[in-house]
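Q: Please take these sequences and the hints and turn them into a complete structure.
Sequence order for the protein chains is C and Z.
Position 14, counted from 1, in the first sequence is what full-length UniProt numbering calls 14; the numbers after and before it change by one each time, with no gaps.
Position 38, counted from 1, in the second sequence is what full-length UniProt numbering calls 38; the numbers after and before it change by one each time, with no gaps.
Be a bit skeptical, because a hint or two may be false.
[Unchecked claim] In silico SDA-like links for lysine to any residue, alpha-carbon gap of 25 Å or less:
1) C:K38 to Z:E119
2) C:K38 to Z:E132
3) C:K57 to Z:H771
4) C:K38 to Z:M675
5) C:K38 to Z:A61
6) C:K38 to Z:L578
7) C:K57 to Z:N31
8) Z:K66 to C:A3
9) Z:K600 to Z:A635
10) C:K38 to Z:L121
11) C:K38 to Z:A133
12) C:K38 to Z:G63
13) C:K38 to Z:E129
Read the hints as simulated data drawn from the structure, not as lab findings.
For clarity, every value in this text was computed on a predicted model and none was experimentally measured.
If you want the building blocks of each chain, they are given just below.
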Amino acid sequence: MYAFDLVKPGTVAEAASALAGGEAQALGGGQTLIPTLKQRLADPGTLVSLSHIDEMKYVRESGGTVEIGGGTTHAMVAKAVADIYPGLADLAGRIGDPSVRNRGTIGGSLANNDPSACYPAGALGSGATIITDKREIAADDYFQGMFTTALDEGEIVTGVRFPIPEKAHYSKMPQPASRFPLVAVYVAKFADGVRVAVTGASEDGVFRWTEAEEALGANFSTDALGGLSASEDGMIADIHGTAAYRAHLIGVMTKRAVAEMS
Amino acid sequence: MPKDSGIGASSKRREDVRFLTGNGKYTDDINVAGQSYAHFVRSDVAHGRINSIDVSAAEAAPGVLKVFTAADFAEVGGVPCGWCVTDRHGNPMQEPKHPVLAEGKVRHVGDPYAVVVAESLSAARDAAELIEADIEELEAVIDMKAAVADGATKVHDDLTSNLCYDWGFVEENREAVDEAIKGAHHVTTLELTNNRLVANPMEPRVAVGEYDPWKDEHTLYTTSQNPHVIRLLMGAFVLGIPEHKLRVIAPDVGGGFGTKIFHYAEEAFCTFAAKALKRPVKWTSSRSEAFISDAHGRDHVTKIELAMDEEGKFLALRTDTYANMGAYLSTFAPSVPTWLHGTLMAGNYITPLIYVNVKAVFTNTVPVDAYRGAGRPEATFQLERVVDKAAREMGIDPVELRRRNFIDKSQFPYATPVAVEYDTGDYHATMDKLLEISDRDGFEARKAESAARGKLRGFGVAHYIEACGIAPSNLVGQLGARAGLYESATVRVNATGSISVMTGSHSHGQGHETSFAQVVADMLGIDEAQVDIVHGDTARTPMGMGTYGSRSIAVGGSAMVRATEKIIAKAKKVASHLMEASESDVEFANGQFTVAGTDKSVAWGDVCLAAYVPHNYPLEDIEPGLEETAFYDPANFTYPSGGYACEVEVDPETGQVEVLAFSAADDFGNVINPMIVEGQVHGGVAQGIGQALLENCVYDENGQLLTGSYMDYAMPRAYDVPMFTVDHSCQTPCTHNPLGVKGCGEAGAIGSPPAIVNAVIDALSGHGVEHIDMPLSPQRVWAAMHGKG
Ligand SMILES: Cc1cc2nc3c(=O)[nH]c(=O)nc-3n(C[C@H](O)[C@H](O)[C@H](O)COP(=O)(O)OP(=O)(O)OC[C@H]3O[C@@H](n4cnc5c(N)ncnc54)[C@H](O)[C@@H]3O)c2cc1C
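A: The following block contains the structure:
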């Protein structure tokens with residue numbers, strides 16, 4: 001770790017001004033950033049901790065949506081939305097291990113946009129809206145490739161608004177070492193259609209499997225997926241799985257999610 | 001009735017209170033006044049020529065005491081190798097120099113070429129970034145077979161090739177084995193890889209060097225399984241420090257699994273630098289550093305052939321192995337694929353002819369050495385896999401094929417064709433017990449139930465033998481060991497009867513402080529709480545060889561028994577004087593000395609007091625005091641054996657394997673503490689599950705480590721292991737050590753991988769899959785099922 005200054009703002013406004021200027025970086029739960037710092041892969045100079053900002057920690061339900069503060073930990077989400085949005089609660093409750101879930105935040109996960117992270121699938125699969133200190137961004141516009149998002153430098157994810165589907169399920173095939181998804185699929189069924197988001201598989205990060213969405217929109221059953229197979233083009237290939245295996249798992253995980261929901 | 005104390009009792013592990021409450025004292029907890037911090041600068045290329053290293057900016061950086069490079073070590077020796085293997089042609093192995101810091105070339109990712117010592121670790125790390133090293137990358141030698149091909153790039157320019165040795169065993173059998181295989185009714189052939197592993201003890205390595213210039217005394221605190229061995233190797237071969245001026249302390253050590261046996265450059269560095277700088281020097285490995293500097297384990301590529309007659313009787317066995325040594329020879333590396341591996345190729349079976357060929361190869365990877373089981377898991381894995389495959393090919397039940405070839409209990413002692421003599425065993429008994437506790441009879445019903453859920457269920461067995469209690473010194477001396485392998489113990493009885501036992505064995509999780517005390521307390525008939533076990537400090541315990549090869553109770557425990565017997569003999573003399581009886585009439589039981597046929601008695605404590613307060617004492621016949629030392633050198637290895645069964649379920653859509661049940665029926669001879677023994681088996685099997693299903697250390701073709709953290713190196717977790725069913729009621733005590741014990745530390749890791757792989761192959765029997773290399777990851781299982789392997 002390189003030496004850094006730590007500031008602990010109490011409001012979003014203070015955090016935003018501390019982050020303006022470029023050299024500072026936001027610190028959420030630190031579950032991604034701290035290991036990076038320990039390996040000296042980043043040298044931010046100043047860390048702006050978001051952990052003391054109460055206005056970023058909340059869960060609010062209203063009119064068919066649930067809004068979650070950007071500083072809310074995975075463990076808090078798993079508990080707080082268990083009745084409101086069980087599919088999302090289940091996703092949050094299976095991220096990492098208890099210590100990760102009690103530190104890591106939804107804002108940090110979405111800002112980081114790891115190609116194997118869980119929340120991006122939940123957000124894209126739900127058609128969520130990412131709320132920042134400056135604007136609101138639709139999930140479809142927000143995720144822009146591996147570790148890349150629509151966020152500007154210093155922009156803070158203050159909340160996420162999820163439309164609550166009729167049903168949703170997250171099927172996760174863990175990578176044996178990290179237990180992040182090797183491939184995971186989030187399926188959400190709304191009155192007006194089905195969304196299927198895939199994480200862990202693509203070199204471009206989280207994406208929607210539109211063929212499956214159409215097929216399931218017409219006939220929400222595992223049979224509808226019968227003839228479909230995801231293409232292995234652009235899939236991640238590494239020691240844990242070839243591109244062909246990941247493409248295969250997309251089909252299996254989607255089918256399993258649908259089976260759970262049927 | 002289970003006993004509640006002494007030999008055979010499941011006494012609670014007394015050391016666990018301090019471990020579980022976070023009060024253990026580990027090497028990193030040791031901070032010496034005025035200490036400085038060492039940061040090793042390690043190569044990020046696998047193979048490179050060091051053209052120049054400019055440390056001037058780093059040395060000028062704030063807080064830096066000195067930057068060391070190979071030039072500072074010109075006057076000291078290299079890190080030595082403790083075993084010399086002689087090749088098939090009678091020549092000694094090729095033995096390259098292993099400098100403390102890389103000289104001329106770097107030879108693996110992680111090879112240290114400079115060390116910054118500074119007032120703080122962050123100052124040292126900051127300064128390290130200022131070092132300008134001009135290292136010209138060379139072609140990396142990674143694949144073993146390519147490494148020994150003609151014209152291959154050499155890891156060591158001064159050796160003739162990358163071949164360390166070409167070993168044949170038993171060389172005289174070579175042609176007879178070839179002939180027998182040619183003429184056999186059936187030959188089963190299997191090619192396999194024994195995957196490379198990183199030991200990953202919970203505590204990473206640490207070294208603290210301290211030097212007292214006024215006494216010219218060195219102290220090294222280190223995370224070692226054998227502090228005396230470190231003192232000997234480092235003092236005599238690297239730094240030239242005589243033993244009386246060098247104290248090595250290995251306090252609480254958080255797991256070793258083999259990788260903390262070896263003498264490492266970091267230990268020599270901290271000892272050397274403490275004198276050079278006249279400041280204590282501390283180094284604590286990070287986890288990332290451990291992946292590229294702790295000796296790795298296994299990494300064999302093998303072809304094995306088993307020849308049988310019509311009935312499935314084994315006629316001959318031939319095995320060819322390439323064994324990875326990595327870039328340098330670690331302390332015991334040459335012995336692992338040879339004497340710890342070839343001598344076990346008979347397994348539990350009568351196989352008249354065996355030939356083992358091993359080519360040990362240098363590559364641009366981290367050195368490879370002993371890892372839990374060391375050589376014996378490699379032997380057991382290939383043998384138990386090929387026997388299983390043979391059973392399928394011959395249409396014989398795999399349990400039945402094993403039984404047909406088992407050495408019968410009437411045949412012990414049994415001399416194998418691979419140089420060892422098994423003293424005792426009863427393999428049919430452990431197999432019977434295994435089938436009972438694993439409920440093999442109920443398997444078909446369970447399989448049908450899994451099938452109804454779309455899952456493939458498989459049942460696999462393996463039966464292992466291992467050679468433990470290493471070892472008779474004069475035998476291993478003939479085989480190339482450069483040290484004796486006895487063990488020592490001093491039993492110091494204090495004036496009021498409490499006891500300190502100083503042992504050369506070392507406990508780093510095994511629970512010696514509990515089980516060793518049980519033995520001494522039982523022999524003396526006193527309370528276990530009156531006995532303390534002292535280990536891990538060369539200044540407090542006599543010369544010892546440490547803990548590995550499941551030798552602690554068999555060798556260290558035997559030394560302790562011998563020393564305690566001397567104590568009893570002397571105490572009887574003292575008692576005979578106190579009771580005014582003839583020494584030959586004195587009996588000792590339950591802590592009381594009595595005279596046969598009289599009501600005279602004197603208690604243990606009174607005898608001890610008399611020995612230290614010799615007012616009424618036969619000073620003309622016996623010395624005061626009650627302290628005895630014994631060195632024990634075993635007459636043979638011990639041969640634990642057992643049957644393991646694994647039941648798995650495979651998800652055919654994902655290839656995910658789940659271990660549903662695991663049973664172990666072990667014969668460890670006599671058992672001192674059943675709970676500790678069971679714990680050792682649990683831990684060993686968990687590591688076996690790790691090797692079989694999860695763990696894999698992978699280099700790419702350029703020698704970059706692809707699995708350098710837990711993001712990619714898969715350790716077993718609690719949910720990867722089932723509840724174990726373990727049994728050690730089959731006991732054929734060792735015939736040549738006083739406790740009749742065989743050792744249990746490695747069995748679990750030896751017997752489990754083949755049982756697990758056999759179970760998965762059984763589950764996939766309908767899919768034409770004959771073998772999958774470990775680890776049987778979902779991707780590999782799925783690929784094998786779909787012909788995409
Ligand atoms: C052992 C382990 C296992 C894990 N397993 C999983 C898993 O299975 N699935 C999974 O999805 N994840 C997993 N994670 C990652 C975990 O969920 C992280 O918590 C998460 O990815 C990052 O959240 P954080 O709050 O810790 O962010 P930090 O690590 O603090 O920050 C990450 C990045 O986001 C930025 N940032 C943080 N908060 C905000 C914000 N509110 N607005 C803008 N930028 C912000 C930071 O500047 C930094 O660049 C695991 C992590 C570990 C250590």
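Q: It remains to establish, for every hint, whether it holds in the given structure.
A: How the hints compare with the structure:
{"no.": "1", "hint": "C:K38 to Z:E119", "result": "19 Å, holds"}
{"no.": "2", "hint": "C:K38 to Z:E132", "result": "22 Å, holds"}
{"no.": "3", "hint": "C:K57 to Z:H771", "result": "52 Å, violated"}
{"no.": "4", "hint": "C:K38 to Z:M675", "result": "40 Å, violated"}
{"no.": "5", "hint": "C:K38 to Z:A61", "result": "21 Å, holds"}
{"no.": "6", "hint": "C:K38 to Z:L578", "result": "68 Å, violated"}
{"no.": "7", "hint": "C:K57 to Z:N31", "result": "41 Å, violated"}
{"no.": "8", "hint": "Z:K66 to C:A3", "result": "22 Å, holds"}
{"no.": "9", "hint": "Z:K600 to Z:A635", "result": "40 Å, violated"}
{"no.": "10", "hint": "C:K38 to Z:L121", "result": "12 Å, holds"}
{"no.": "11", "hint": "C:K38 to Z:A133", "result": "23 Å, holds"}
{"no.": "12", "hint": "C:K38 to Z:G63", "result": "20 Å, holds"}
{"no.": "13", "hint": "C:K38 to Z:E129", "result": "15 Å, holds"}
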